Amino acid sequence: MPVITFASSKGGSGKTTSALLLACEIACAKSVTLIDADPRKPITTWSKLPNKPENLTVISNESEKTILDEIEQAAARDPFVIVDLEGTASRLTSYAISQSDLVIVTMKEQQQDALAAIEIIKEIHRDMQAVRRFIPYAILFTQSKVVAKSRTARFISRQFRENPQVDTFTTEINERDAFSSIFSVGGSIRSLTPKEVNNLEAAINNVNEFTAETINKLKSNNKNEAK
Amino acid sequence: MNTERKSLNLGELEEFSPRTKVPLHPKGSSKAVDNLAAFPSRERLDDAQINIKAPNAIISQFRQLARKERYRHGEFLEVLMNAYEGKHSD
Numbered sequence: 001m002p003v004i005t006f007a008s009s010k011g012g013s014g015k016t017t018s019a020l021l022l023a024c025e026i027a028c029a030k031s032v033t034l035i036d037a038d039p040r041k042p043i044t045t046w047s048k049l050p051n052k053p054e055n056l057t058v059i060s061n062e063s064e065k066t067i068l069d070e071i072e073q074a075a076a077r078d079p080f081v082i083v084d085l086e087g088t089a090s091r092l093t094s095y096a097i098s099q100s101d102l103v104i105v106t107m108k109e110q111q112q113d114a115l116a117a118i119e120i121i122k123e124i125h126r127d128m129q130a131v132r133r134f135i136p137y138a139i140l141f142t143q144s145k146v147v148a149k150s151r152t153a154r155f156i157s158r159q160f161r162e163n164p165q166v167d168t169f170t171t172e173i174n175e176r177d178a179f180s181s182i183f184s185v186g187g188s189i190r191s192l193t194p195k196e197v198n199n200l201e202a203a204i205n206n207v208n209e210f211t212a213e214t215i216n217k218l219k220s221n222n223k224n225e226a227k
Numbered sequence: 228m229n230t231e232r233k234s235l236n237l238g239e240l241e242e243f244s245p246r247t248k249v250p251l252h253p254k255g256s257s258k259a260v261d262n263l264a265a266f267p268s269r270e271r272l273d274d275a276q277i278n279i280k281a282p283n284a285i286i287s288q289f290r291q292l293a294r295k296e297r298y299r300h301g302e303f304l305e306v307l308m309n310a311y312e313g314k315h316s317d
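Taken in sequence, the protein lines are chains A and B. Going by the working numbering, the first residue of the first sequence is number 1, and it counts up by one from there. Going by the working numbering, the first residue of the second sequence is number 228, and it counts up by one from there.
Hints are not guaranteed to be accurate.
[Stated by the list, open to error] A partial selection of chain A residues facing chain B, derived with a Cβ cut-off under 8 Å:
| hint | residue |
| --- | --- |
| 1 | Lys30 |
| 2 | Pro42 |
| 3 | Ile59 |
| 4 | Ser63 |
| 5 | Leu68 |
| 6 | Gly87 |
| 7 | Ser90 |
| 8 | Tyr95 |
| 9 | Asp127 |
Since the hints were made in silico from the structure, they are not lab data. Since the model is a prediction, treat every value here as computed from it, not as a measurement. Just so it is clear, CB atoms sit at the ideal spot from N, CA and C, and this is done for glycine as well.
So that you can see chain A by itself, here it is in the shape it has in the complex (with noise of 0.2 Å):
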């Protein structure tokens, strides 16, 4: 049931690796379509590599008058439904973001992605306003460093981190070898070896741990919604 999308009105801010990680997370246990909305297809690229799990369908979106459709057939045929997005503030985003049960707001720990973000929580709450109804989202940061992270960064997540009205997901996705890989060779970072990048281990217990996070943060919003 979920339709979980990938936002960020900037490109370059870790929507495309964020969402194909989870996408094929989840595909280990249930189906899941990646509708790729980014008119680049670096999704629908990656897809014609070998080693795309068995569970996992990639839709390449029309355009923006399609959107809608393509999440609803979707929705109907599995129970994850993930987009990824264009990196840039337009209406296939708010249509896409008007039918989500979870947004993911990507963005580096840059002054830049962070404000894209701040652009695009402003959009969500437009869209709430057009469908009347909560649209649950939370800030994912992405790229970030595991140690030495630079005192800007700090700053800016620090600010996120600590503002009560802004949901942000504890698990960082690290700049890591294997999740650039998979664009590379395909498949999942599960389908790769030791021998082909480093630290594969931290990699998966990376993805484990924000898999984890993104499930139980729909799991609570199905709990408030029956309420």
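Starting from the known structure of chain A, arrange chain B on it as the hints suggest.
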């Protein structure tokens, strides 16, 4: 290496299943988003124009109905065509 490893507790995902009930986007939700969204359309328009000859009363009725629902004429034509096709698909 770890292709057989299942990280997730499968039972945890049991409550998630495909949607079976109401349509995800009720009719008019895209229009509601259009009215409030600040993000603009980034797609190229592929608009064309036609000149419709019809009795005055029909043209007036068309304009009035479109105005009442705040549709542009092109959008309202699409609504009418969808309704027409819906009748025939029953």
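Hints, one by one, checked against the model:
no., hint, result
1, Lys30, "holds (5 Å)"
2, Pro42, "violated (18 Å)"
3, Ile59, "violated (15 Å)"
4, Ser63, "holds (6 Å)"
5, Leu68, "holds (5 Å)"
6, Gly87, "violated (11 Å)"
7, Ser90, "holds (4 Å)"
8, Tyr95, "holds (6 Å)"
9, Asp127, "holds (6 Å)"
Hint violations for this structure: numbers 2, 3, 6, all remaining hints satisfied.
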